[in-house]
Amino acid sequence: MQETIALGDSALVTALRAGDDAAFETVVRDYGARMLAVAERLLSQHEDARDAVQEAFLLAFRSLDSFDGRSQLSTWLHRIVVNASLMKLRSKRRRPEQSIEDLLPRFQADGHHANRISRWGRSGSETAEQNEAQTLVREKIASLPESYRIVLLLRDIEELDAETVAQMLEITTGALKVRLHRARQALRTLLDPIFGNPFR
Amino acid sequence: MTCRDATELIADYVEGHLPFRRRLSLRLHLALCRSCRNYFDSYRKTIQASRRALDEQPSPAPLPEDLIQKILAERSRDQRMN
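Those sequence lines, one after another, are chains A and B.
Just so we're on the same page, this note's numbering is the position in the first sequence counted from 1, plus 1042.
Just so we're on the same page, this note's numbering is the position in the second sequence counted from 1, plus 127.
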């Protein structure tokens, strides 16, 4: 196995474009773990995440000429693995998505909230309680209908801008905004039993 | 402004995209409506909780060696073909 080498971004990209094998291995070893973590957030199956990372590196190596150096290499690779993960999702035959309507807030005919809205008061100050809460939050995010889960992950977690996400998902920014809002509302409903205080 | 109207404005409000007059109307509604104050508070906390839950996951494990070798092998094959 060739030794990996420590290089700055521009030197690394120059070496990659020259076909330097050690540089390729450096990129895979240095950035691969983070890319797999991103793919695993978007794809529920570990094997799919591995496939997406493999595809992402292949796409990256083939399109080095499109890396203009205006962003960091890590940012560029991040976008590629997100796209590869979304492509993987599209390629899989999925069951019809469950409706999100039941998780959205309800209103009376006069526009008032139909249900009592309690104040969230749990601080989770103990580490064990915090860890438990975070595990529950991750589970609730994973349980959202896929198209809403993806939007939440890309905007609120991966913090990609609206235009980029809309382009990736092939929807308008207006549709994205609505979908993100509904995703957050649905997650709020799912988290209410965990963080809400029925007595406040 | 009804609670339904106010709820539709949350996303723009938390992201600072609400025009001045709308923001003013919304703030007036929030001053008078405890349910909506609680809803807005929990909406913000939902975003914070999801970021914390996923940002504070343990650092990712190194990429498995078999996957590294698979990627490098595929790249070599790709180079030979092109």
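Warning: the hint list may mix true and false statements.
Okay, derived cross-link-like pairs now, DSSO-like style, lysine-lysine, Cα gap no bigger than 30 Å in a straight line [stated by the list, open to error]: (1) A:Lys1219 - A:Lys1134; (2) B:Lys172 - A:Lys1219; (3) A:Lys1219 - B:Lys197; (4) B:Lys172 - A:Lys1134; (5) A:Lys1219 - A:Lys1130.
One-sided excerpt, in silico: chain B residues whose CB lies under 7 Å from chain A [said to hold, decoys possible]: (6) Thr134; (7) Ala138; (8) Ser152; (9) Lys172; (10) Gln175; (11) Ala200; (12) Arg204.
Anything over 10 Å on all C-beta distances counts as not near chain A; from chain B, calculated [stated by the list, open to error]: (13) Arg149; (14) Arg150; (15) Arg179; (16) Ile198.
It should be emphasised that the hints constitute simulated quantities derived from the structure, not laboratory data.
This one's a predicted model, so the numbers in the text were calculated from it and none came from an experiment.
Every residue gets a Cβ at the ideal spot worked out from N, C-alpha and C, and that includes glycine.
Here is what the structure says about each hint:
{"no.": "1", "hint": "A:Lys1219 - A:Lys1134", "in the structure": "holds (25 Å)"}
{"no.": "2", "hint": "B:Lys172 - A:Lys1219", "in the structure": "holds (19 Å)"}
{"no.": "3", "hint": "A:Lys1219 - B:Lys197", "in the structure": "violated (39 Å)"}
{"no.": "4", "hint": "B:Lys172 - A:Lys1134", "in the structure": "violated (33 Å)"}
{"no.": "5", "hint": "A:Lys1219 - A:Lys1130", "in the structure": "holds (23 Å)"}
{"no.": "6", "hint": "Thr134", "in the structure": "holds (6 Å)"}
{"no.": "7", "hint": "Ala138", "in the structure": "holds (4 Å)"}
{"no.": "8", "hint": "Ser152", "in the structure": "violated (14 Å)"}
{"no.": "9", "hint": "Lys172", "in the structure": "holds (5 Å)"}
{"no.": "10", "hint": "Gln175", "in the structure": "violated (9 Å)"}
{"no.": "11", "hint": "Ala200", "in the structure": "violated (10 Å)"}
{"no.": "12", "hint": "Arg204", "in the structure": "violated (10 Å)"}
{"no.": "13", "hint": "Arg149", "in the structure": "holds (15 Å)"}
{"no.": "14", "hint": "Arg150", "in the structure": "holds (17 Å)"}
{"no.": "15", "hint": "Arg179", "in the structure": "violated (6 Å)"}
{"no.": "16", "hint": "Ile198", "in the structure": "violated (5 Å)"}
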